[in-house]
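Novice: For reference, the chains in residue letters:
2 protein chains.
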Amino acid sequence: MTAKVKHSELRQLVCSQLQILLAQGNLEGAKALLLPVQPVDIAEAIEGLSESMQAIAFRLLGKAEAIEVYEYLDSTVQQTLIEDFRRQEVLDIVDKMSPDDRVRLFDELPAKVVRRLLAQLSPKEREATALLLGYEEDTAGRIMTPEYISLKENLTVTQTLERIRTLANASEIVYYLYVTDSSRHLKGIVSLRDLVLSDPNKSLEEIMTQDLVSVSTDTDREEVARLIQRYDLLALPVVDREQRLVGVVTIDDTMDILEEEATEDIYALGGVQAGDNYFQTNLLTVARKRVVWLFVLLITNTVTGTIIRSQEDILQQVVILAAFIPLLTGTGGNVGAQSSTVVIRGLNTEAMNNLGPGPIIFREALAGVLLGAILGIVATIWAFWLQSDWFVAITIGVSLVAIALLASVAGSALPFLFRHFGLDPALMSAPFITTAVDVLGVLIYFNIARLVLGL
Amino acid sequence: MTAKVKHSELRQLVCSQLQILLAQGNLEGAKALLLPVQPVDIAEAIEGLSESMQAIAFRLLGKAEAIEVYEYLDSTVQQTLIEDFRRQEVLDIVDKMSPDDRVRLFDELPAKVVRRLLAQLSPKEREATALLLGYEEDTAGRIMTPEYISLKENLTVTQTLERIRTLANASEIVYYLYVTDSSRHLKGIVSLRDLVLSDPNKSLEEIMTQDLVSVSTDTDREEVARLIQRYDLLALPVVDREQRLVGVVTIDDTMDILEEEATEDIYALGGVQAGDNYFQTNLLTVARKRVVWLFVLLITNTVTGTIIRSQEDILQQVVILAAFIPLLTGTGGNVGAQSSTVVIRGLNTEAMNNLGPGPIIFREALAGVLLGAILGIVATIWAFWLQSDWFVAITIGVSLVAIALLASVAGSALPFLFRHFGLDPALMSAPFITTAVDVLGVLIYFNIARLVLGL
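Chains as they are written, first to last, in my numbering: chain L, 1 to 455; chain C, 1001 to 1455.
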């Protein structure tokens, strides 16, 4: 695979070719097609097939490859294949998956199927899986792999190299070796790089890194990912309450976690609850996940509507005021969204670690006034041109400045407030900012109108 | 550093302690404080100091550590330090930075300073830097490091281990070794893991992986990051037009790239243009980056306002209709935002690779009708309770369904349309969805009102 063609185009070609070959019943051709293809791409191609074809394509793979491909498959396809295969075939694959991938699969399967599969795993794999399943979701314990290499500190580099040659096939990752004492307490880390570059006669104790970063089993997975990213690590050791090494979280999981967290933030800002797999869930679930947020806004809007209704006396005298309501609340909402977007992203990526809420809110308030003033001048001129009434025009302009200030303060302050109470700023801020800006914005508008127009 | 205290709290402690010690003039104490601290955390602590203190704190570091810390510092602090130091001290640090980090620094510095620094680098480093600076921004060429280990295929494992022991200190990454022919064409890759686990007498040719993934120097950095993520790689080789190996992109850069891309998406959805460092740019720049989007919305809203104004005859007869405008356009905007959020994120993370626009838009349209129906029933009941007028209530309910349908179709179709024309869906869709929903929504509303109320 080289660079001239985009990789994504090559992958699409594999998908469509596989469909054609299977439809023709050309199994040998399909096998040959998949031979040079990477496991993750084979998984994608199989996902694109019809359900009955998926099992046929999957059977074309060699045993070792089948396991790798299976790990990359979407959970719904994994389930379909489980139901489709005879028991022993499934068991072989599930037994050979790495424990952390197996736990991810079990999280998606019905409890009955999980119990049946668990009971039939080999004792060693069953124990490893049950251990991981015992930790809470979204913690380091749940996402770690219990497969790592731990060694004693008195081994030399040469002895270590000999030792891992016999061990390593069993282990998922060998880029770090963990040095532990007799009761499994973590003493240090030796990277494969250090091992290869060191004098062969030195002991592990002499070459290991001791000021190491570790997390406990109940550390939140997002914190785990942020630490791996921050310290440029390839893996992070996980220890239990007694500081004994129990597992390792690797960098490939980290990237997926950070991507999922970014998606959650983006969904929250867009008013969608995150679901694991949008295209596999049915429409009623999708509607349920969105309707809550829409109801919140509906209620907000009815409050705004009630306020507008209570001002019927003004509106009947100066009907044109109604025409500017969308402009004012709309602009306010957007100024607030800008401030909260910047603050929420800053809090979630830890980019605002050094700063307290004070300077940030002050800064956003200034930005709000500045933006309100620029837009206010334009809106005033436009309103005058439309209506030839300076009083109406000035009402619009002044209201816009006040609303922009209110919006930027609400947009930057609420995320801090929610974080302070342990709530996800991305999830909680949006409805409140909208409410504050809409309701207070309309009140401000009508009061300024009464004042300026002398009603 | 262990798990009981949150790492972020420990880091804040280091920051505040450093400030206190430096204010007391206790340089030895500050030095002792920083001794066990990781370079990235030292960089953060220095960033939190006043400008005059930053230089003092930085001078406390040993030479090797200073280079590492310098690479992690924010670009504005890097610049401050450059201006503050005497020339030779700076040159030493800049000369020892790895070429890709140096290029990132040069990207931020004024051209005059870059020229001066370039001229004084050692010839080898100057050449490496000039090469990278020659590639376009945001391409693989610009972010790769030209430091990697390339070897000939006839070397044995033992010979290779001996060779890299003498070479590796110069290289940033040794987790992959690259096998090339005499004209530097990439033939295969050997991971350090394979090397350590293989029979010492085998040749590299026998153990290397040949179906490898590579990119060219002009591949977009986001594509590079996605490939590393997709294939679970630690590094990705970069080749020139003649397929010769010229550099390597490593996974630590990848995580930062994906995070920056996610921030760009989030900012685009929030109506903010991405800037590299929000808190270092001045307020006018911030305002300029936000005002464009607000102007687009202002114009949209004036169009909506004009339409409302043209319906003055209806509004004067049934003033209550004005009270429901925010509810209808607001809900429409939110339904549209939900659809576009899901589609834009799906396109940008390549999660929607397998599906064409057809089924997705159809699905979103169904979701829109469903959501519109649920909300429409509630809004109808509420409107009747408020006004005791079935005609007005039905107008509101029917309009809500129609507007939700329109919004979900616009929200899901526009991102595809913009991508088709090579525009960033996240950046371009929002203004158009808002416009479509606001303008068409109000038109739909008043026309349904005329029909139902017989005006």
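Read the hints as simulated data drawn from the structure, not as lab findings. It is possible that part of the hints are untrue.
[Stated by the list, open to error] Calculated pairs, DSSO-like style, for lysine-lysine (alpha carbon to alpha carbon, straight line, at most 27 Å):
1) L:K202 x C:K1202
2) C:K1187 x L:K31
3) L:K202 x C:K1063
4) L:K31 x L:K96
5) C:K1112 x C:K1152
6) L:K124 x L:K63
7) L:K202 x L:K187
8) C:K1063 x C:K1031
9) L:K187 x C:K1031
10) C:K1152 x C:K1124
11) C:K1096 x C:K1124
12) L:K124 x L:K112
[Unchecked claim] Ranges of calculated distance between the beta carbons of each label pair, as one might list FRET restraints:
13) L:Q159 x C:D1256: 20 to 26 Å
14) C:E1162 x L:R163: 39 to 45 Å
15) L:F421 x C:Q1012: 28 to 34 Å
16) L:S310 x C:E1051: 53 to 59 Å
17) C:D1218 x L:I299: 47 to 53 Å
18) C:L1423 x L:Q210: 20 to 26 Å
19) C:E1051 x L:V318: 53 to 59 Å
20) C:D1256 x L:F421: 52 to 58 Å
21) L:L167 x C:Q1159: 45 to 51 Å
22) C:D1256 x L:R163: 32 to 38 Å
[Unchecked claim] Far from chain C by the CB rule (all over 10 Å, computed), these chain L residues:
23) R59
24) D95
25) P123
26) K124
27) E153
28) G270
29) L315
If you're wondering where the values come from, they're calculated on a predicted model, not measured in any experiment. A virtual CB, placed ideally from N, CA and C, is assigned to each residue, including glycine.
Novice: Please go over all the hints and tell whether each is borne out by the structure.
Specialist: Now for the hints, and whether the structure bears them out:
Distance hint between K202 of chain L and K1202 of chain C is fulfilled; the C-alpha atoms sit about 26 Å from each other, no more than 27 Å. Annotation: proposed proximity of K1187 of chain C to K31 of chain L holds, straight-line Cα distance about 25 Å (limit 27 Å). In summary, the hint linking K202 of chain L to K1063 of chain C is supported, as the alpha carbons are separated by about 26 Å, within the 27 Å threshold. Taken as a hint, the K31 of chain L and K96 of chain L pair is honoured in the structure, with Cα atoms around 22 Å apart against an allowance of 27 Å.
Between K1112 of chain C and K1152 of chain C the CA atoms are separated by roughly 42 Å; this puts the pair beyond 27 Å, and the hint is violated. For the given pair, K124 of chain L sits about 21 Å from K63 of chain L by alpha-carbon distance, which is consistent with the 27 Å threshold. Pair hint K202 of chain L plus K187 of chain L holds up; C-alpha atoms about 17 Å apart against a cutoff of 27 Å. Restraint check for K1063 of chain C and K1031 of chain C: satisfied, since their Cα atoms lie roughly 13 Å apart, inside the 27 Å limit.
For the hint pairing K187 of chain L with K1031 of chain C, the CA-to-CA distance comes to about 25 Å; that is within 27 Å, so the pair holds. Simply put, K1152 of chain C and K1124 of chain C have alpha-carbon atoms about 23 Å apart, close enough for the 27 Å limit, and the pair holds. With a CA separation close to 11 Å, the supplied pair K1096 of chain C and K1124 of chain C stays within the 27 Å bound. Restraint check: the Cα-Cα separation between K124 of chain L and K112 of chain L comes to about 21 Å, which is no more than 27 Å; the hinted pair holds.
Checked against the given bound of 20 to 26 Å, the beta carbons of Q159 of chain L and D1256 of chain C, roughly 38 Å apart, lie outside it. The hinted range of 39 to 45 Å is not satisfied by E1162 of chain C and R163 of chain L, whose Cβ atoms lie roughly 20 Å apart. The hint said 28 to 34 Å for the Cβ distance between F421 of chain L and Q1012 of chain C, and at roughly 20 Å that hint is violated. Distance hint check: the CB atoms of S310 of chain L and E1051 of chain C are about 54 Å apart, consistent with the given range 53 to 59 Å.
For D1218 of chain C and I299 of chain L, the hinted distance range of 47 to 53 Å is satisfied, since their beta carbons lie about 52 Å from each other. At about 52 Å, the beta-carbon gap between L1423 of chain C and Q210 of chain L misses the expected band of 20 to 26 Å. Here the CB-CB span from E1051 of chain C to V318 of chain L is close to 54 Å, well matched to the stated 53 to 59 Å. Between D1256 of chain C and F421 of chain L the beta carbon distance is about 31 Å. The supplied range of 52 to 58 Å is therefore violated.
Against the hinted window of 45 to 51 Å, the Cβ-Cβ separation of L167 of chain L and Q1159 of chain C comes to about 24 Å, which falls outside the hint. Range check, D1256 of chain C to R163 of chain L: Cβ separation about 36 Å, and the 32 to 38 Å hint holds. For R59 of chain L, the non-interface assignment is confirmed: its Cβ lies about 21 Å from the closest Cβ of chain C, beyond the 10 Å cut-off. With 10 Å as the threshold on Cβ separation, the claim that D95 of chain L sits away from chain C holds: the shortest Cβ distance comes to roughly 22 Å.
With a least CB separation of 27 Å from chain C, P123 of chain L remains clear of the 10 Å interface cut-off, as annotated. Look at K124 of chain L: its CB is around 22 Å from the nearest CB on chain C, clear of 10 Å, so calling it non-interface holds up. Annotated as non-interface, E153 of chain L keeps its C-beta farther than 10 Å from every C-beta of chain C; the closest such distance is 19 Å. Some Cβ of chain C comes within 10 Å of the Cβ of G270 of chain L; the nearest lies about 3 Å off, and the non-interface call is violated.
Under the 10 Å C-beta cut-off, the non-interface status given to L315 of chain L relative to chain C is violated; the minimum distance is some 6 Å.
The earlier numbered hints that this structure contradicts are 5, 13, 14, 15, 18, 20, 21, 28, 29.
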